[in-house]
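Enquirer: The lines below spell out each chain.
2 protein chains.
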Amino acid sequence: MTVDKLKRLVFGEPFRTSQEHHERLDKVRGLAIFASDPISSNAYATEAIMAVLLVLGSSALGMTWAIALAIALLVLIVVFSYIQTILHYPDGGGAYTVAKDNLGTTPSLLAAAALLTDYVLTVSVSVSAGMRAITSAFPELHGFRIVFALTAILILTWMNLRGVRESGTVFALPTYAFVGGVLLMVLVGLARYYGLFGLERIVPEAHPLAAASSLTTFAYIWLILRAFAAGCTALTGIEAISNGVGAFKKPESRNAAQTMVVMAVMAMALFLGISFLATHLNLVPSHTDSILSQLARTVSGSGLLYYWVQFFTMMILILAANTGYQDFPRLSSFLAKDGFMPRWMTNRGDRLVFNGGILTLALVAAVIVIIFRADEIAMLPLYALGVMLSFTLSQAGMVRLMGKISKLKPGESLKTLATTVHHESGWWWKQLVNAFGSLVTLVVFLVLVATKFLEGAWAIALAIPLLVWLFRSIHKHYEDVAETLRTRHLDESNLLEVADVVILPMGDVHRGTLRALRYAKRISSNVRAVCVITSAEQKERLVRRWNRFPKTTEGVSLVCIDYDYRDVLDPLIEYIEHVNKVEFPSELTSVVIPEFITESVLTQILHNQTANILRARLRQYKDIVVIDIPIHINGSDHPPHDSRDKDPYTTEIISE
Amino acid sequence: MTVDKLKRLVFGEPFRTSQEHHERLDKVRGLAIFASDPISSNAYATEAIMAVLLVLGSSALGMTWAIALAIALLVLIVVFSYIQTILHYPDGGGAYTVAKDNLGTTPSLLAAAALLTDYVLTVSVSVSAGMRAITSAFPELHGFRIVFALTAILILTWMNLRGVRESGTVFALPTYAFVGGVLLMVLVGLARYYGLFGLERIVPEAHPLAAASSLTTFAYIWLILRAFAAGCTALTGIEAISNGVGAFKKPESRNAAQTMVVMAVMAMALFLGISFLATHLNLVPSHTDSILSQLARTVSGSGLLYYWVQFFTMMILILAANTGYQDFPRLSSFLAKDGFMPRWMTNRGDRLVFNGGILTLALVAAVIVIIFRADEIAMLPLYALGVMLSFTLSQAGMVRLMGKISKLKPGESLKTLATTVHHESGWWWKQLVNAFGSLVTLVVFLVLVATKFLEGAWAIALAIPLLVWLFRSIHKHYEDVAETLRTRHLDESNLLEVADVVILPMGDVHRGTLRALRYAKRISSNVRAVCVITSAEQKERLVRRWNRFPKTTEGVSLVCIDYDYRDVLDPLIEYIEHVNKVEFPSELTSVVIPEFITESVLTQILHNQTANILRARLRQYKDIVVIDIPIHINGSDHPPHDSRDKDPYTTEIISE
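Residue numbers (my numbering), protein chains in the order written: chain A, 1 to 656; chain B, 1 to 656.
It is worth saying that the hints were derived from the structure and are not from the lab.
Don't take each hint at face value.
It does not matter which identical chain is used: a pair holds within one copy or between any two.
Derived DSBU-like pairs (lysine-lysine); straight-line CA-CA distance at most 35 angstroms [claimed, not checked]: (1) Lys337 - Lys622; (2) Lys7 - Lys521; (3) Lys250 - Lys409; (4) Lys622 - Lys539; (5) Lys7 - Lys539; (6) Lys476 - Lys337; (7) Lys551 - Lys521; (8) Lys415 - Lys476; (9) Lys27 - Lys521; (10) Lys249 - Lys521; (11) Lys407 - Lys249; (12) Lys622 - Lys521; (13) Lys539 - Lys337; (14) Lys539 - Lys581; (15) Lys404 - Lys250; (16) Lys5 - Lys476; (17) Lys409 - Lys7; (18) Lys27 - Lys581; (19) Lys539 - Lys249; (20) Lys539 - Lys250; (21) Lys521 - Lys409.
Using the sequences plus the hints, can you model the full thing?
Expert: Now the structure itself:
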């Protein structure tokens with residue numbers, strides 16, 4: 001089959017289920033994988049702060065540095081709080097898991113909804129920012145940024161459907177190249193700013209004299225808060241490591257915690273460096289040239305370092321987007337397994353990846369890119385909100401967990417849903433750290449909601465509860481299904497009886513109806529061919545043709561319904577309903593429908609859709625069984641055989 | 001059922017099939033009905049000529065009058081030619097019928113395709129022109145013309161789905177009001193132009209001195225031809241009467257022919273009057289103000305007569321569009337009956353109208369209105385082409401018919417497919433008229449194709465052969481179907497045997513599969529429950545649950561297929577194919593599929609679509625019967641009963 005061959009060419013040979021394996025990460029490669037997301041925020045976080053401050057006039061941009069310091073402090077708190085999570089959830093403690101384990105269903109669903117929106121935005125924002133890194137370097141490409149961004153999403157989707165393994169080596173190069181490049185740029189920039197090492201000193205351009213507008217104190221504070229909120233995007237991705245503890249080499253928790261600290265230090269060093277220089281070199285945000293690009297150009301001219309930074313900015317952003325492709329399908333599959341998302345989200349495709357999650361993510365991210373015209377600065381108000389909420393819930397869960405630990409005596413241990421905890425001596429200060437972390441992120445979350453509400457945060461504030469409602473509805477539905485199918489206490493004798501009657505709706509006597517008649521007679525002794533008669537000629541013709549096949553029609557009742565309208569299904573269904581309800585109540589009634597099958601979908605519309613509509617209407621009845629007799633028009637005998645190159649399966653007959 | 005109630009509120013009570021009746025038309029009302037289309041062309045035909053001439057400079061507009069005279073001559077020829085058609089096809093002789101009767105299938109399909117495109121354009125052009133009549137009077141509405149035009153199409157569609165009878169009275173008012181108004185305007189205009197009856201003389205504004213550009217003779221002739229071609233839209237609708245001969249009172253042919261003459265005289269009187277005045281009053285086409293509107297304003301100021309003309313222009317154009325709604329579904333149903341269009345085009349809806357044709361027409365016409373932004377002048381290059389082709393074919397058919405007549409001796413008669421002809425003495429001059437008519441319209445058709453090709457005629461030149469190809473493909477398909485279903489020479493013993501085997505694909509043992517098992521055991525003694533095993537736990541669980549229901553599972557083979565990939569349908573289908581092909585070759589094999597049915601379509605996507613895909617794939621096999629066992633999730637017992645207020649039907653059991 002060519003479709004199948006094409007599929008295998010594009011996505012590769014199918015993997016066996018038993019082929020699955022997990023690569024364990026050392027700290028260097030673990031850092032590269034988990035750091036791409038938080039470190040890549042440096043491409044836009046500083047700029048996000050400045051874009052808000054610019055409203056106050058360009059001289060207000062000087063406050064960027066102070067705000068960056070506040071954010072770095074926040075990161076410090078969050079990291080120390082998360083270390084506790086990592087240490088207590090060696091199998092991976094995402095916010096969903098921690099909240100489910102300690103806070104109950106609703107908080108866990110809230111956390112999950114927050115994270116899912118966050119993962120989607122990780123893709124949209126990172127891809128858009130990555131394209132901006134390139135269009136900053138080559139402004140003539142600015143007009144193509146949406147197409148580029150969508151292409152990047154397409155490529156990421158393809159790679160993930162093929163199943164990229166989280167191969168540390170691939171990730172290591174761009175991550176370290178980016179960190180190295182930006183670090184070098186910051187150091188050179190600092191040296192040139194202070195005139196050290198004999199480098200040519202940079203004299204900052206004076207800002208055009210745009211005095212800070214005279215604002216009320218309240219408005220002033222409001223803007224500062226907004227700028228702070230905007231900068232909080234620097235925190236996105238910091239929690240990813242807590243999901244992936246299980247991927248580290250032993251001792252998992254310890255290695256993960258150490259990696260997290262290094263990662264945070266690295267990310268903040270870059271963030272503070274960029275923010276310091278952007279402030280002191282008096283850079284001004286521009287629509288077509290990112291702050292990072294301006295900075296690199298100012299510090300190093302348009303030389304190699306500039307293109308190095310721009311290129312690896314794009315690369316690390318693409319990698320950051322890729323983390324969304326790892327996290328979203330995984331969390332979706334967890335939710336689906338717990339019955340909160342469609343169960344097919346747990347199905348793995350030919351390459352052992354969660355196709356459903358990958359495609360859903362790609363679709364939503366692409367829509368967001370199109371809506372925002374690939375402008376990541378405009379998307380940022382939607383971002384960070386979900387992260388802060390999940391931080392808050394996750395840390396609150398840890399507070400509860402510490403409470404449980406506090407009740408344990410030395411040597412005792414407690415199994416929770418997702419982990420096992422033992423007695424610990426320092427539980428009280430750890431609980432304090434978590435409580436403080438939870439509180440601080442809650443405050444930041446509220447600030448984010450308040451300050452960015454009108455800019456777009458409302459969409460997320462709406463989406464999260466909506467998602468929770470959706471999760472709950474889906475769960476309710478699956479519970480109904482389970483209830484319907486339950487076999488516990490099922491008395492086998494209570495199963496529906498099968499009525500000895502088969503109804504065959506018929507418009508004319510032809511080869512198709514004759515085949516259906518034969519089938520019907522084979523399975524029942526009470527066969528009724530039912531025909532809705534709309535004209536005398538039709539009836540005459542029908543009876544004449546009926547009598548031509550005495551062998552097949554023998555013993556079959558021919559029921560004719562005279563009808564003076566054209567919607568022939570109504571009387572037909574009424575008849576079937578009558579047989580089902582009055583003649584054979586509470587028994588399964590069978591209806592045989594001959595179905596024309598044509599070679600192409602196009603020719604299918606040439607046929608009266610009567611059979612399809614009849615089938616759809618009969619589906620509404622609980623105890624009507626529809627039997628489709630295929631009548632192939634011009635069909636080849638059998639479809640071409642799919643000569644899939646798999647091992648022959650083994651068939652075993654368990655009982656006879 | 002509320003949907004049903006709503007439907008009846010909007011479209012009215014269903015009609016009985018036996019309720020159909022046909023109103024016979026006298027000449028006055030017949031004229032009103034058939035004249036709306038050709039007479040309404042006066043709203044744009046003159047303007048279409050001028051729009052082309054304007055290219056030569058506004059002084060070239062003076063040629064409009066001469067071109068109009070040439071077109072009037074063409075109308076004369078066509079009318080006299082068509083009178084023969086009317087006299088020889090008293091049941092109605094549309095181009096499709098005449099061509100089928102005399103020229104064969106392909107010419108008749110060409111004529112049908114030409115007419116169908118023409119009918120669609122009648123709707124698009126007339127509705128757009130009608131809206132222009134209104135936006136000329138109220139220029140502030142210009143921006144809404146597309147919405148207005150689409151609304152008009154919607155209303156027309158609704159009215160026709162409800163089933164407007166071709167009630168002469170409704171048509172008479174706007175038609176005669178339009179004719180009267182325009183005639184009055186032309187007469188007043190002429191009187192004022194010549195300064196008769198003491199009316200204030202109109203002094204034509206001098207054209208701005210745009211000298212005719214110096215063109216080569218060829219280019220000059222080319223433009224004149226194009227202007228002539230553009231004016232030919234005045235001929236559209238003239239043939240409609242030949243379709244509807246049967247609707248006239250007796251003697252049908254005579255009444256229809258007389259009506260046609262009066263109609264042509266009326267239409268041409270208006271056309272020539274408008275063209276004369278537009279030329280001599282030096283009017284210049286404008287995008288927002290139609291020529292007819294300019295003329296009415298110049299002649300009568302912006303008084304009552306002006307609004308009268310504009311309003312009834314719109315009304316008659318809507319009526320003209322309505323003729324498309326009469327003709328398109330009728331011709332489609334003819335084609336469908338002959339197997340050239342989908343057979344459901346012959347189905348009549350609750351109100352005894354051809355719903356399929358009406359909706360198809362509305363859809364295509366709406367798309368054209370949107371593409372052309374309701375600018376009828378831009379659509380005109382597509383128009384008239386189809387009419388001319390159908391004229392040519394119809395008249396060519398008449399030439400052949402006259403040839404047949406020529407061979408008849410006095411007293412002899414000949415039955416053709418659609419009519420009966422007798423000996424006629426004057427056949428030779430009638431044949432000459434038809435031949436001349438056919439030739440002239442053929443030349444005009446070629447001129448139209450040549451001159452308007454790039455402006456849009458290419459679309460029609462492409463659409464017509466494409467439609468013919470489509471008609472033929474559909475016909476071919478229906479022939480295949482007939483071949484497949486043919487019962488002639490059918491030996492009853494050659495019908496496929498039914499294999500005594502039922503396969504039940506199964507993922508787990510639950511209430512649904514148990515019900516399916518019970519059904520399967522009822523219809524066969526050889527039931528096989530087939531399960532694709534992807535993990536050891538699944539198998540263990542399955543067997544354990546299987547053994548819990550010994551009464552139901554007794555005598556059933558449980559077939560387990562171990563499989564290390566995730567596309568479980570592949571091995572399942574391979575197994576079914578094996579049973580079907582190897583164990584029971586050339587017999588009908590039954591597959592029972594339990595199907596979850598949820599209350600809403602939305603919850604349906606929550607379920608693995610596995611059952612649907614399995615069903616779709618099994619459809620490809622000629623001899624596999626699929627049996628759907630409904631498993632309702634949370635379903636109410638039965639759908640609400642549709643308490644349709646129809647007479648109870650009568651049921652008769654013919655044979656037992």
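Enquirer: Which earlier hints turn out false for this structure, listed by number in ascending order?
Expert: As far as the earlier hints go, 2, 9, 10, 17, 18, 21 are violated by this structure, in ascending order.
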